[in-house]
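Student: Keeping their order, the protein sequence lines are chains A and B.
Be aware that the first sequence starts at 15, since it is given in my numbering, and climbs by one per residue.
Be aware that the second sequence starts at 15, since it is given in my numbering, and climbs by one per residue.
It should be emphasised that the hints constitute simulated quantities derived from the structure, not laboratory data.
Hints may contain errors.
Chain B is nowhere near these chain A residues, computed Cβ spacing over 12 Å in every case [unchecked claim]:
| no. | residue |
| --- | --- |
| 1 | Ala29 |
| 2 | Glu37 |
| 3 | Lys38 |
| 4 | Pro92 |
| 5 | Gly100 |
| 6 | Arg125 |
| 7 | Ile151 |
| 8 | Pro159 |
| 9 | Phe160 |
| 10 | Asp166 |
| 11 | Glu186 |
| 12 | Arg197 |
| 13 | Glu242 |
Where chain A lies over chain B, by a calculated footprint (3+ residues, C-beta under 8 Å) [unchecked claim]:
| no. | stretch |
| --- | --- |
| 14 | 101-107 |
| 15 | 152-158 |
Glycine is no exception: its CB is placed at the ideal position from the N, C-alpha and C atoms.
Protein chains: 2
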Amino acid sequence: MNAGKNETLTLTPIAHIETDFEEKFGVPRQSGRVEELRGTLIFEKEYAVNEALRGIERYSHLWLLWGFSLCRRRIWSPTVRPPRLGGNRRVGVFATRSPNRPNPVGLSLVRLLSVNSGKNGPELLLGGADLVSGTPIYDIKPYLPFSDCAPDAVGGFASDFEDYGLDVEIPEELLSKLPVEKRKALWGILHEDPRPAYQHDGRTYGLSFAGYSIFFSVDRENILHVTEIREREKSKGR
Amino acid sequence: MNAGKNETLTLTPIAHIETDFEEKFGVPRQSGRVEELRGTLIFEKEYAVNEALRGIERYSHLWLLWGFSLCRRRIWSPTVRPPRLGGNRRVGVFATRSPNRPNPVGLSLVRLLSVNSGKNGPELLLGGADLVSGTPIYDIKPYLPFSDCAPDAVGGFASDFEDYGLDVEIPEELLSKLPVEKRKALWGILHEDPRPAYQHDGRTYGLSFAGYSIFFSVDRENILHVTEIREREKSKGR
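Extracted from the complex, chain A is given alone in its bound form (with noise of 0.2 Å):
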């Protein structure tokens, strides 16, 4: 059976996700597992509609359908190396949820904590978005409980298992730079450890979290240690 010509299908964004994180270096690789992340879904004017929203608010969690950042020239690889296993393992790209697919959509469990009247129309504020400021969403949809979770379901690979983590230390007066609802949040994508696979070492990393540049490294006990906090020169609007 061949895709026929009316088969493809043309997405364009319904909104923006607004979240703490400017760049990729440091969005958990993991969904979920950052609860105290905060993102604010801004709808693109066209679909800014306070009745498309009806009803939503009886749902606790929704799923996002969200555009990749890619470079225009789309290359899907049959296979890829999987940071959460090293980076050594090949592994279908049909087996995990990389970028690296022929249609690039990601899909995203995420928490409706409240819908807000914006300036510019409805908006959701999200619990544990694990996105990219500025991403497009082409899709919202609620997560029904009896159709979307599987109980029982098994997968993945031994080291998702693992309870890595590492510990994380911050110091006080660092620490007291960021605002109070942004440190736990923060607490967490360190502990989740956002180094490159292939680089456990200890060289000084820079992040940007929340308008704040957070420098660290890792000790060869696995401990993360933040050596700087620096709040971040604001960008000229967006």
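Could you slot chain B onto chain A? The hints should help.
Tutor: Only chain B this time, still in chain A's reference frame:
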């Protein structure tokens, strides 16, 4: 933040699914209720690559992203009237899984039963696929138990939680016309009540399933009676 030109995304099918549903009527509206349903996912030539599926057998469940069959003029409706709510209640489209959404991509959870070699490359045998045969598939993702299952999720309308279903009576002489492996699935889809929400009367319906035409009506006690089962003519190729 306006949608830039480069945020549109064009999807082309990577595969199609073959199921026992030649048409939409009879496909269960709530995904996951009829486990006995079977579908075979067959890849488009360009994507029929064994390596792309390496490791997928480790996952018991998968997500399918697929295309709703719509007339070409795409219209989205801010509100819809979900059949399962009786067809009379308007709900925001983003609070439903209705096709009438701006970017009509469907999301379904299926069980991965086996990875097989077909004559044109790898094929996936899937369980619980509530899709019309021929539906284009845009993506396959592994179901990640930790990230995708939210056991504490709540949502929906009161009628979502009712254990609504019809008692189904199929005379033995009719049931015996069906292959054994299709009988439980037929019972399941009839139990789900395929009738339009606004048409709960005693008329006779004809449903197509697994190559058979199934005729039935529902009496005043909400018992569904199958009155005829006939083998359909084989369609001349696909």
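Student: Each hint needs a verdict: does it hold in this structure or not?
Tutor: Going down the list of hints, with the structure as the test:
no.	hint	result
1	Ala29	violated, 9 Å
2	Glu37	holds, 17 Å
3	Lys38	holds, 17 Å
4	Pro92	violated, 4 Å
5	Gly100	holds, 14 Å
6	Arg125	violated, 8 Å
7	Ile151	violated, 9 Å
8	Pro159	violated, 5 Å
9	Phe160	violated, 7 Å
10	Asp166	violated, 7 Å
11	Glu186	holds, 32 Å
12	Arg197	holds, 24 Å
13	Glu242	holds, 30 Å
14	101-107	holds (count 4)
15	152-158	holds (count 7)
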